[in-house]
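Visitor: Protein chains in written order, with numbering that gives the first Met the number 0: chain C, 0 to 196; chain E, 0 to 376.
The hints are simulated quantities; they were obtained by calculation from the structure and are not laboratory data. Wrong hints could be hidden among the right ones.
Label pairs and their in silico Cβ distance ranges [claimed, not checked]:
#, chain 1, residue 1, chain 2, residue 2, range
1, C, Thr136, E, Leu42, 31 to 41 Å
2, E, Asp2, C, Arg1, 40 to 50 Å
3, C, Ile158, E, Ser25, 49 to 59 Å
4, C, Arg161, E, Ser25, 50 to 60 Å
5, C, Glu96, E, Arg140, 52 to 62 Å
6, C, Glu96, E, Glu233, 35 to 45 Å
Since we're looking at a predicted model, the values are computed, not measured. Even for Gly, the Cβ is constructed at its ideal location relative to N, Cα and C.
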Amino acid sequence: MRPDLDVVAAMVGEGERVLDLGCGDGVLLEHLIRHRGCSGHGVERDADRFHECIARGVPVTQGELEAELDRTAAGAFDCAVLSLTLQATRHPDRVLEGMRRVAPRRVVSLPNFGHWRLRADLAGRGRMPVTRILPHTWYESPNIHLCTLADFEDLVAQIGMRIARRTLLDELGRASRGLARVRPNLLAVGAVYLLEG
Amino acid sequence: MADGVGVVETETAVVFDGDRPLVLDSGAALARVEVAYETYGELAAAGDNAIFVCHALSGDAHAAGFHPGADRPGWWDNMIGPGRPLDTDRYFVICANVLGGCKGTTGPATADPATGRPYGLGFPLLAVRDLVTVHRALLERLGVGRLLAAIGGSLGGMQALQWALDHPGDLGGALVIAASGRLSAQNIAFSAVAREAIMRDPDFAGGDYYGRDRRPDAGLALARMIGHITYLSEESMRAKFGRRIQDAPEPRYGFDVDFEVESYLHYQGQSFVERFDANTYLYLSRTMDYFDPFADPVAVQRQVAAGDTRYLVLSFDSDWRYSTGHAREIAAELRLAGAPVTFREISAPHGHDSFLMPNPDYHRTVAAFVDRLASEA
């Protein structure tokens, strides 16, 4: 499993009902179902990845994340997960609100557009950055709503959610053990948040 | 499709009789029930590879292969056979004509043992649950225990769904395709008009037309024509017929069949009359109207918790008979009850009939789901 998904998984409680929005090949849900006693449901748009979920025995709906979230009953889950996907949604604020509607706890991971390497690319080279966590060129990127950790935390506060936990991610998507916590918005490559309230 | 399951024959088994009558959900009883069925592939020694195919309103036990001398295969031949989604090299596939049917299983055309005359409208009303009871009795006879899966489209999907909910532990998976968990007013309205067509036919004779010179053929044909319109999409009718004139470059202007679509509907109506019984149409369509498996959410939750069935719910984007909204509702109800449900809307042009059509995208999902069930069995 991708290292950042380990960090996400660690924020999901034992035995929870989990909704994974943009669940990809279903590897996170498979892990949570098999090893953490969770029940899970994924939403995935891509047909190949949808069928990978089936092959893993992960219950999944093929569809658009935002539409499927709208259709999900209030309080249907204990925890809603959105990993490295918020920046690709059309209305990130509404997605967060929707996740609040369906689950009391939300785990959201995102790349930090404020990371110094990205700032350097933009400021120094005058180019849109292409990195391990943001691998797309600007014209083919699904990431239409990039933000910095500070921007995201502002939005979270604005919509009245509480950050219950935050784990910063390093270059490889692992929990960062280095200096990142000194100035996260400059030094962390990304972060995983547990949001409540 | 030359490399399917080959030549097959329909067999029959008496599954209720004598001291063991079939007691229906309504409390009514049938003294004797015979079932027509076919099987394809081999039951594994462990007995864990059986898949039950449930047919729709106008279907029968002949789902795959060819009857001796026939030039058309069974109704789901593209789904069942070596290398097909229900791979008969791996799975033991069973299909049976439903209770109330007219293709070998006890139904309104069957003689009532008490009178020696066909039941007609004396046949009891059926619930989808009763159809399942008879399937299970057949499986008992065949020595099949837990099923890898039950699968069906339309009324067939309703049977798979009811089966899973009524008998936790029976099914590894339930594949519910192009089905509804609760018919809409519009669905019931179409069914009502179709039944009216049959019952208003002067030859209907209160359902007691067996053995007479004339049957309610005109009514049954009309019912089929109405039904058929709802099975196709506007798009598929446009593509198939457009406004073309049958066998002529110019319209003939009159009330006889002129447009190709009219000719097609007439053909569908006529060929249906030759192979179907009007009373069966009444009974099975009524069974669908009353189908309401989620009426008691507490019971559904209890039943889901008692079993471990995985659900695959599929719909087709051009199906307006049981639109994707119906399928989403089934998926949502099951999920609410705590069941693991996979859902997909498949893009296909053929309306409600899409579930019968060969479609690689659709077959891929069915094959993947069944494959996963097999790997867990």
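Visitor: All the hints need checking, so say for each whether the structure fits it.
Guide: Quick rundown of the hints versus the structure:
Evaluation of the 31 to 41 Å hint for Thr136 (chain C) and Leu42 (chain E) yields a failure: the beta carbon distance comes to about 55 Å. A hinted range of 40 to 50 Å holds for the C-beta pair Asp2 (chain E) and Arg1 (chain C), which are about 43 Å apart. Range check, Ile158 (chain C) to Ser25 (chain E): Cβ separation about 54 Å, and the 49 to 59 Å hint holds. A beta carbon spacing of about 55 Å between Arg161 (chain C) and Ser25 (chain E) agrees with the range 50 to 60 Å that was offered as a hint.
Hint check: Glu96 (chain C) to Arg140 (chain E), Cβ distance near 56 Å, so the stated range 52 to 62 Å holds. At about 37 Å, the beta-carbon gap between Glu96 (chain C) and Glu233 (chain E) stays in the expected band of 35 to 45 Å.
Going through the hint list in order, the structure does not satisfy hint 1, though it satisfies all others.
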